[in-house]
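If you read the sequences in order, they're chains S and U.
Just so you know, we're using the numbering used here here: the first sequence kicks off at 98 and counts up by one.
Just so you know, we're using the numbering used here here: the second sequence kicks off at 98 and counts up by one.
Keep in mind the hints are simulated off the structure, nothing from the lab.
In this text the structure is predicted, and so the values were computed from the model without any measurement.
Be aware that one or more of the hints could be misleading.
Since the list gives no way to pick one copy over another, a pair counts as held whenever it fits inside one copy or between any two copies.
Within a straight-line C-alpha distance of at most 25 Å, the following computed DMTMM-like cross-link-like pairs (lysine to aspartate or glutamate) qualify [stated by the list, open to error]:
hint, residue 1, residue 2
1, Lys358, Asp441
2, Lys358, Glu348
3, Lys148, Glu210
4, Lys503, Asp132
5, Lys503, Glu348
6, Lys360, Asp435
Number of protein chains: 2
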Amino acid sequence: MTAHRIRALVDEERLADVARELSAVAPQEAAAILDGLDTRRGTIAFRLLSKDDAVDVFDDMSPNTQARLIDALGTAEVVDAFDNLDPDDRAELLDELPAAVAKQLIRTLPPAEREATAVVLGFGRNAVGRRMSPEFVHVYADDTIGAGLARVIERGHDAETIYTIPVVDAERRLLGVVSLRDLLLGDPSVPVETCRRPPVYAHATASAETAARRCVELGLPAMPVVDSEDRLIGMLTLDDAAEVVAAADDEDAARAGAREKLKTPYLRSSVFAITRARVVWLFVLAVSAILTVNVLEVFEGTLEQKVALALFIPLLTGIGGNTGSQAATTVTRALAMDEVRPRDVLRVALKEASVGVTMGAALGAVGFAVASVAYETGIGAVIGLTIVSVCAVAATVGGVMPLVAKRIGVDPAVFSTPFISTFCDATGLLIYFMIAKAVLGI
Amino acid sequence: MTAHRIRALVDEERLADVARELSAVAPQEAAAILDGLDTRRGTIAFRLLSKDDAVDVFDDMSPNTQARLIDALGTAEVVDAFDNLDPDDRAELLDELPAAVAKQLIRTLPPAEREATAVVLGFGRNAVGRRMSPEFVHVYADDTIGAGLARVIERGHDAETIYTIPVVDAERRLLGVVSLRDLLLGDPSVPVETCRRPPVYAHATASAETAARRCVELGLPAMPVVDSEDRLIGMLTLDDAAEVVAAADDEDAARAGAREKLKTPYLRSSVFAITRARVVWLFVLAVSAILTVNVLEVFEGTLEQKVALALFIPLLTGIGGNTGSQAATTVTRALAMDEVRPRDVLRVALKEASVGVTMGAALGAVGFAVASVAYETGIGAVIGLTIVSVCAVAATVGGVMPLVAKRIGVDPAVFSTPFISTFCDATGLLIYFMIAKAVLGI
Numbered sequence: 098m099t100a101h102r103i104r105a106l107v108d109e110e111r112l113a114d115v116a117r118e119l120s121a122v123a124p125q126e127a128a129a130i131l132d133g134l135d136t137r138r139g140t141i142a143f144r145l146l147s148k149d150d151a152v153d154v155f156d157d158m159s160p161n162t163q164a165r166l167i168d169a170l171g172t173a174e175v176v177d178a179f180d181n182l183d184p185d186d187r188a189e190l191l192d193e194l195p196a197a198v199a200k201q202l203i204r205t206l207p208p209a210e211r212e213a214t215a216v217v218l219g220f221g222r223n224a225v226g227r228r229m230s231p232e233f234v235h236v237y238a239d240d241t242i243g244a245g246l247a248r249v250i251e252r253g254h255d256a257e258t259i260y261t262i263p264v265v266d267a268e269r270r271l272l273g274v275v276s277l278r279d280l281l282l283g284d285p286s287v288p289v290e291t292c293r294r295p296p297v298y299a300h301a302t303a304s305a306e307t308a309a310r311r312c313v314e315l316g317l318p319a320m321p322v323v324d325s326e327d328r329l330i331g332m333l334t335l336d337d338a339a340e341v342v343a344a345a346d347d348e349d350a351a352r353a354g355a356r357e358k359l360k361t362p363y364l365r366s367s368v369f370a371i372t373r374a375r376v377v378w379l380f381v382l383a384v385s386a387i388l389t390v391n392v393l394e395v396f397e398g399t400l401e402q403k404v405a406l407a408l409f410i411p412l413l414t415g416i417g418g419n420t421g422s423q424a425a426t427t428v429t430r431a432l433a434m435d436e437v438r439p440r441d442v443l444r445v446a447l448k449e450a451s452v453g454v455t456m457g458a459a460l461g462a463v464g465f466a467v468a469s470v471a472y473e474t475g476i477g478a479v480i481g482l483t484i485v486s487v488c489a490v491a492a493t494v495g496g497v498m499p500l501v502a503k504r505i506g507v508d509p510a511v512f513s514t515p516f517i518s519t520f521c522d523a524t525g526l527l528i529y530f531m532i533a534k535a536v537l538g539i
Numbered sequence: 098m099t100a101h102r103i104r105a106l107v108d109e110e111r112l113a114d115v116a117r118e119l120s121a122v123a124p125q126e127a128a129a130i131l132d133g134l135d136t137r138r139g140t141i142a143f144r145l146l147s148k149d150d151a152v153d154v155f156d157d158m159s160p161n162t163q164a165r166l167i168d169a170l171g172t173a174e175v176v177d178a179f180d181n182l183d184p185d186d187r188a189e190l191l192d193e194l195p196a197a198v199a200k201q202l203i204r205t206l207p208p209a210e211r212e213a214t215a216v217v218l219g220f221g222r223n224a225v226g227r228r229m230s231p232e233f234v235h236v237y238a239d240d241t242i243g244a245g246l247a248r249v250i251e252r253g254h255d256a257e258t259i260y261t262i263p264v265v266d267a268e269r270r271l272l273g274v275v276s277l278r279d280l281l282l283g284d285p286s287v288p289v290e291t292c293r294r295p296p297v298y299a300h301a302t303a304s305a306e307t308a309a310r311r312c313v314e315l316g317l318p319a320m321p322v323v324d325s326e327d328r329l330i331g332m333l334t335l336d337d338a339a340e341v342v343a344a345a346d347d348e349d350a351a352r353a354g355a356r357e358k359l360k361t362p363y364l365r366s367s368v369f370a371i372t373r374a375r376v377v378w379l380f381v382l383a384v385s386a387i388l389t390v391n392v393l394e395v396f397e398g399t400l401e402q403k404v405a406l407a408l409f410i411p412l413l414t415g416i417g418g419n420t421g422s423q424a425a426t427t428v429t430r431a432l433a434m435d436e437v438r439p440r441d442v443l444r445v446a447l448k449e450a451s452v453g454v455t456m457g458a459a460l461g462a463v464g465f466a467v468a469s470v471a472y473e474t475g476i477g478a479v480i481g482l483t484i485v486s487v488c489a490v491a492a493t494v495g496g497v498m499p500l501v502a503k504r505i506g507v508d509p510a511v512f513s514t515p516f517i518s519t520f521c522d523a524t525g526l527l528i529y530f531m532i533a534k535a536v537l538g539i
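Generate the whole structure from the sequences, applying the supplied hints.
Shown next as structure tokens:
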């Protein structure tokens, strides 16, 4: 079942069917469906949920949808759902709401919840601390497994996660983790210490995206979060990590396409909103592309003498752009997988230059043959040599740019295809006409 | 700590430090580090692990690294690690090994393990059934919570996951799931039925990537897998799902860059291997780009009369390529997020055409002004009109192509930037010279 089906049912006013279908799926799925509906249909569908389901589903919706619902339903109706949110999800929702509504909602919270929310709100928007849950259950290294399990059962109701349990010392410093599985299946009389493992953890001020990616990639149910003195202050749970990663992927995809991310689903976004998300980058690229007009102007005389040279311009800039894009996406991905680091820049440059020359030699040989037959050997030689040079330069630039971006603290995805090709176009043309002048003697 | 550090320590022969550092991190991290090392260093580091750690770490390594290690260590040394693998991970490793080694290893398995592996091997390589664990623990709907928990404790040792527990009827048909949390913290005397929730599940023959993405995006510890009669036959666990998603992302990134995926980490791949992964697609693109040479040949006479027209070729193809790329990445992403479907093709085309005209009008006005001042009003008009048309066509084509790809069963990521720009180059040039002939009367 999808948002499309629910949308159709709402439009046909088959509300009993909407209620039945939404209650038949997991709350995460119901939330994803509501995320995909517009505010009017979403509000109708949300009102059809049972009170218990509503709280669960609200919890799993995106903060953007939560904020739209609060606006549409009126604050009073959502107080329940708001109180039942985990502090980290609540902090994120508060960011989306107008300040007045946020204040009003915070006032509805019991003191303990208000405090937990304040802890989370104390960290920067992109920090792990902002996405962690301050409500967790921990065990001590010298507890027995039986005592540890009893502690989890006693306090687990208030914790957001109980499958990965942090082990701390008397000063609450993180020593490791045990899994609930080990506590449940282990010998109750031995110390927790015997099944403690080194933790995969994060500092509260570290990047939420980096921590979330590790959590998701390693498939961990939760990851402990510590303060600057290595004291345990929260847990990043898998579902929150998955949300952080999805949002970051969305942004990366936007960057790679040289545009801004849309705030609402595509079909619901207005032409104006879509244009706004793209036009700035397109202008930036177009202004850079004016470089190519200037480069060509310098060679206008050469072009007048050999108009045939103009015919190959798009072919050559195309080969340069594609070679650069292949190199850039390879290295961007290798950076993301931690396979290369900015300091490997020379090794990468050397490797890409070799790859570029190899590919250029293969393509250039074909280019030489085709252009020689169709025009003359001189033009064939120019085309062949240009292809080799353009491939070498484009591959090297495409491979190095993501590393430079990373080093200067810019998202490497920014130097993706559109930027690489715009840059390679101008360089490629310069090379082309310099080779043409030298070979053809014009 | 990273693979770089371990590599340095191995090279300096500080083996005690290698052993200490590897045992201080979680097995998932140690496995990721070994994945990043070459075979020689990886084998040295692996031999330094304690016997218990070795089994855990081996389990978490990529099948490719496992296969390389088996080759380097000799089969006898790895039998232990192999026997301790989960059937699904074992099936994947067997795919990577030479058939003779695979057969030899299967012979080392106890009969029950051999059978479980055979079940998994019975499904297609891209099916969920191939990645599921056939070793799981389930409860019955009419069990009490206490009885259910007792069952989990009794049988949990053999199960790969116990945090999401499938609930089945007497015929083993899947009714829903309960979380271990609910069993542990709930009232032991009430039936499991009271905390049963609708399952997020998959059919064994369905796409492993789709199921894995749902599992990871919803942050589920595990997802039940059923046969064609809805009978429970396995569980897809989160860590396996995360591996499937990482491999699929790797492939998507490769597609988006018009290349094949590398089998080894970037810095360890040879120039030849990198070239091979790219050269085929580059040839395909170059051959398509020869279209542009043909298009321009038709207009050679026009070009000879107005050489200034040649100066704008790279600018115009650049704008077309970038506009098309923005539209393609937006729609590809919207498809992945289930925000649009192939049948929305007309709505998407209309929206993208409007966006293209709007952006084209803004950019075209600037282009008209600049070209009019630098050359003449006639050329200004040609440039302005071409920009509007090229933007409209490129946005529409870029938006529609991913939907067409999806409809005909091709990966939408294939129609990413390199392909869109190559296509738009030829179309854009046609439009350009047709407008030029009409406006300038040549």
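If the cut is 25 Å between Cα atoms, do Lys503 and Asp132 qualify within a copy, between copies, both or neither? Close across copies (23 Å), not inside one copy (33 Å); limit 25 Å.
Up to 25 Å CA-CA - Glu210 versus Lys148, copy category: within (21 Å within a copy, 46 Å between copies)
Alpha-carbon proximity between Lys358 and Glu348, which holds within one copy, between copies, both or neither at 25 Å: both (6 Å within a copy, 23 Å between copies)
Within, between, both or neither: Lys358, Asp441 at alpha-carbon 25 Å: Classified as between: cross-chain Cα gap 21 Å, same-chain 31 Å, threshold 25 Å.
Given identical chains, is Lys503 near Glu348, meaning Cα to Cα at most 25 Å, within a copy, between copies, both, or neither? both (16 Å within a copy, 22 Å between copies)
Is it within, between, both or neither when you check Lys360 against Asp435 at 25 Å Cα-Cα? between (30 Å within a copy, 15 Å between copies)
Checked against the numbered hints above, the structure breaks none of them.
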